[in-house]
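Listed below are the residues making up each chain.
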Amino acid sequence: MDSAPTMSERIVQRLKSWEGLLLLILIVVIFSNALFATGYTGPQNQINLWWISIEKAIVVLAMAFVIINGEIDLSVASVMGLSAVVVAILWEQGVGIEIGILVALLVGLGIGLFNGFWVAVVGMPSLVVTLAGLIGIRGLAFMLIEGRSIGNQATAFPTWFEDMGQQPVSELIGVFDNIPLVDRMPFAIFVYIGLLILAGVVLGRSGFGRRTYVIGSNKDVAQYSGVDVRRHKFAIMTISAVTAALAGVLLASHLGAVRGSTAFGWELDIITIVLLGGVSIFGGSGTMLGVFLSTLLVLNIRNGLGLNNVPGHTQTGVVGLLLILSVLLPNMIESYQGWARRRSLARAARAARAGPDPAGGAD
Amino acid sequence: MSDTLLRRLRPSQVRELITLLIIVAIILFFSTQIDNYLTGRTFNRITTEFPIVAVVAVGQLLVVLTRNLDLSVGSQVALVAWSTGFIATEVPGINPIVLLLIAMFMGVVMGGINGLIVSFGRVPAIITTLATLAIYRSVLITVANAQTIETRGLPDWIVTFPGTTLLEFGRADIRLIFLIALIVVAVVQLLLTFLPYGRRLYAIGSNPDAAGMVGLPKQRDVFLAYLGCGALAGLGGLMQMAKFGTITVDSARGLELAVIAAVVVGGANIFGGSGSAIGVMLGAILIAVLDLSLARWIGISDFARDFLLGLLILLAVAGDIVVNKRLQKIWLRARQRDEARAGPPAAAAGGGDG
Numbered sequence: 001m002d003s004a005p006t007m008s009e010r011i012v013q014r015l016k017s018w019e020g021l022l023l024l025i026l027i028v029v030i031f032s033n034a035l036f037a038t039g040y041t042g043p044q045n046q047i048n049l050w051w052i053s054i055e056k057a058i059v060v061l062a063m064a065f066v067i068i069n070g071e072i073d074l075s076v077a078s079v080m081g082l083s084a085v086v087v088a089i090l091w092e093q094g095v096g097i098e099i100g101i102l103v104a105l106l107v108g109l110g111i112g113l114f115n116g117f118w119v120a121v122v123g124m125p126s127l128v129v130t131l132a133g134l135i136g137i138r139g140l141a142f143m144l145i146e147g148r149s150i151g152n153q154a155t156a157f158p159t160w161f162e163d164m165g166q167q168p169v170s171e172l173i174g175v176f177d178n179i180p181l182v183d184r185m186p187f188a189i190f191v192y193i194g195l196l197i198l199a200g201v202v203l204g205r206s207g208f209g210r211r212t213y214v215i216g217s218n219k220d221v222a223q224y225s226g227v228d229v230r231r232h233k234f235a236i237m238t239i240s241a242v243t244a245a246l247a248g249v250l251l252a253s254h255l256g257a258v259r260g261s262t263a264f265g266w267e268l269d270i271i272t273i274v275l276l277g278g279v280s281i282f283g284g285s286g287t288m289l290g291v292f293l294s295t296l297l298v299l300n301i302r303n304g305l306g307l308n309n310v311p312g313h314t315q316t317g318v319v320g321l322l323l324i325l326s327v328l329l330p331n332m333i334e335s336y337q338g339w340a341r342r343r344s345l346a347r348a349a350r351a352a353r354a355g356p357d358p359a360g361g362a363d
Numbered sequence: 001m002s003d004t005l006l007r008r009l010r011p012s013q014v015r016e017l018i019t020l021l022i023i024v025a026i027i028l029f030f031s032t033q034i035d036n037y038l039t040g041r042t043f044n045r046i047t048t049e050f051p052i053v054a055v056v057a058v059g060q061l062l063v064v065l066t067r068n069l070d071l072s073v074g075s076q077v078a079l080v081a082w083s084t085g086f087i088a089t090e091v092p093g094i095n096p097i098v099l100l101l102i103a104m105f106m107g108v109v110m111g112g113i114n115g116l117i118v119s120f121g122r123v124p125a126i127i128t129t130l131a132t133l134a135i136y137r138s139v140l141i142t143v144a145n146a147q148t149i150e151t152r153g154l155p156d157w158i159v160t161f162p163g164t165t166l167l168e169f170g171r172a173d174i175r176l177i178f179l180i181a182l183i184v185v186a187v188v189q190l191l192l193t194f195l196p197y198g199r200r201l202y203a204i205g206s207n208p209d210a211a212g213m214v215g216l217p218k219q220r221d222v223f224l225a226y227l228g229c230g231a232l233a234g235l236g237g238l239m240q241m242a243k244f245g246t247i248t249v250d251s252a253r254g255l256e257l258a259v260i261a262a263v264v265v266g267g268a269n270i271f272g273g274s275g276s277a278i279g280v281m282l283g284a285i286l287i288a289v290l291d292l293s294l295a296r297w298i299g300i301s302d303f304a305r306d307f308l309l310g311l312l313i314l315l316a317v318a319g320d321i322v323v324n325k326r327l328q329k330i331w332l333r334a335r336q337r338d339e340a341r342a343g344p345p346a347a348a349a350g351g352g353d354g
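Chains A and B, in that order, are what the protein sequence lines are. Heads up: the first sequence is residues 1 to 363, going by this note's numbering. Heads up: the second sequence is residues 1 to 354, going by this note's numbering.
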């Protein structure tokens, strides 16, 4: 008990970690945004920077589990698109939106089970399975909706559904009226906060979370230790697809109009945020705190650049650069330290050899 | 009889044969479904459709063999296509060879950046190329500044390139674009089969740690694989520009998916160590045949093609896992039987070598 680190020691330890570095960069970004981006500090902008990407942020939470588990899910954006399309198509056919949402979630469940079957039972690499899903599921979405856009004029969604995505909760049901910031939050942000807490607790504090790490760091060892690797991978792939389907439904209500290309290409952003959060692409490490900080970081960078009229593709390029540097710099520092250590050892050895040391020779 | 045949052929060659048989089966099937299917025109369509994907996919194979990946090839192709189109528009008299060298040099630079970061910076390939996918595209969009390359500004030899024909057999042409793909595939296949460098790529991909321990120049070889991948993406970019003539900043978006699909359908292991250039070309042809035939097949929507492509990738790899395991077993057993039959002298010789 005596050797347990004190509170301040633990804080210092934390700050030296990946999360600490992210926090530092985040502070720099927030400060420079506040200085150079007009309108950044306004409360509405603070909400908007979340609101605009909230569906991605939700999928990021599930993707963190997938990658820590040593797998990847490239199909999430296509699942989001398909789920939004399913809601829209059923609505167009005269089915109630509530039933549409249910069907969309079931479709997500079905895709999750499908992915899980190939990855966990057949043992195919998730990279290939979900690459096929990325292409095939998007094709399915296009087959259903073809070139149309649903949600405009004649096919407009019911008001409550659009309000859910486009109005703050406080205006809809009259709660949180006088709490600053919270009164401007839409439904999806509340969903995100709930899922974030859930994901953090499950990953950090539950047996399910521990198994996710153990399998991610060494599948075989986990298997021999009595962990049911198959069942766990099956569960993770399913959770990922269902979360993506949920995000797709929220996206439909947020956009108010759905096309076949809805959420196209978003898997890149989602995976980037997870990796930037310190989750190893090889699995086995990463924390929900890191993922949350990196979500904040990416959203803030995009917002700050956007307020300075930097176009979206350049923002994506900047985030990409950051992603590379986040792995490259620590590697280079490590290499340099190794090189310096070897050099000092070599120097010490030379000095020892050159020095008059007959005793050493006699040995 | 099948036993001796299987002993002659290595499992990977059997895999190529199966891909070829599937292509033939698909063509036979559609010839009963579509009128005027087995004609020179169909041949021409297929042989102009698959080369770009095949060339870029063969480059991708070099990287995939080493247990790496290059997701940025689509952006590389687009950047090269736009830039070479811009150059050809500004300097209409430019020598095709010079333009080709420029295209491949640009690809080499972009592949080199990927290779440096992956190989010497030890950043995982999927992270690096996910990022450069975005970066190269954003460079293109910034440089292009919403300007589109248009056919009417291009010199004649580029405009006529897709139809440039070398030989004619009735209605079926052997077109230049087809020949380029064949040459690239042949060169890479020879490199992989006969050069020590090619063999090292397989060794690195089957077990990177072991390859490092026995002293293979792992970092340099992976870097070179990225250079090769970039050079072929550059060639693919020039072909893209010459084939389509109109190049927007959105050109070749998602090409990396088609390319990886061709690699995987062609029988290469996405985790390195196995695959061949011929297989990858067959994969690209299979995808092109399906794509074009489905487009002409009445009763199937245009949009269904992606769905079927996804299914195809899944089935190809699932089939590989099941069939390959079995084939390998049969092949090994046959080899062991041969050795046993050869008897003690062979064993003694083996011992002497050791």
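Don't read these hints as lab results, they were simulated from the structure. Remember, predicted model here, so these are calculated numbers, not experimental data. Don't take every hint at face value.
[What the hints assert, rightly or not] Going by beta-carbon spacing under 10 Å, a handful of chain B positions derived as facing chain A: (1) Leu-38; (2) Thr-39; (3) Phe-43; (4) Thr-132; (5) Met-213; (6) Val-214; (7) Leu-216; (8) Arg-253; (9) Ile-260; (10) Gly-273; (11) Trp-297; (12) Arg-305; (13) Phe-307; (14) Leu-308; (15) Leu-312.
We put the CB at the ideal spot given by N, CA and C, even for glycine.
query = Do the numbers back the hint for Leu-38 of chain B, that is, is its least Cβ distance to chain A under 10 Å?
reply = Interface hint status for Leu-38 of chain B: violated (27 Å vs cutoff 10 Å).
query = Should the interface hint for Gly-273 of chain B be scored as holding, given a Cβ-Cβ cut-off of 10 Å against chain A?
reply = 13 Å, violated
inquiry  = Less than 10 Å between beta-carbons is the criterion; does Phe-43 of chain B satisfy it with respect to chain A?
reply    = Hint on Phe-43 of chain B: violated, closest Cβ of chain A at ~26 Å, above 10 Å.
inquiry  = Holds or violated: the hint that Val-214 of chain B contacts chain A, with Cβ atoms closer than 10 Å.
reply    = 22 Å, violated
ask   = Does Met-213 of chain B pass the interface hint, meaning its C-beta sits closer than 10 Å to a C-beta of chain A?
value = Violated - the Cβ of Met-213 of chain B stays beyond 10 Å from chain A, reaching only about 18 Å at its closest.
key: Satisfaction of the Arg-305 of chain B interface hint, Cβ to chain A closer than 10 Å   = 7 Å, holds
request  = Classify the hint on Leu-312 of chain B as holds or violated, based on whether any CB of chain A lies nearer than 10 Å to its CB.
outcome  = Given a least distance of 8 Å, the restraint on Leu-312 of chain B holds.
message = Hint validation: Leu-308 of chain B versus chain A, beta carbon distance must be below 10 Å. Holds or violated?
response = 7 Å, holds
key: Hint validity - Thr-39 of chain B Cβ closer than 10 Å to any chain A Cβ   = Thr-39 of chain B check fails; min Cβ-Cβ to chain A is 28 Å, beyond 10 Å.
query = Against chain A, with CB atoms and a cut of 10 Å, does the hint on Phe-307 of chain B hold up?
reply = 3 Å, holds
query = Does Leu-216 of chain B pass the interface hint, meaning its C-beta sits closer than 10 Å to a C-beta of chain A?
reply = Since chain A brings no Cβ nearer than about 20 Å to Leu-216 of chain B, farther than 10 Å, the hint is violated.
query = Any CB of chain A closer than 10 Å to the CB of Arg-253 of chain B?
reply = 8 Å, holds
The structure fails hints 1, 2, 3, 5, 6, 7, 10, 11 (numbered hints given earlier, in ascending order).
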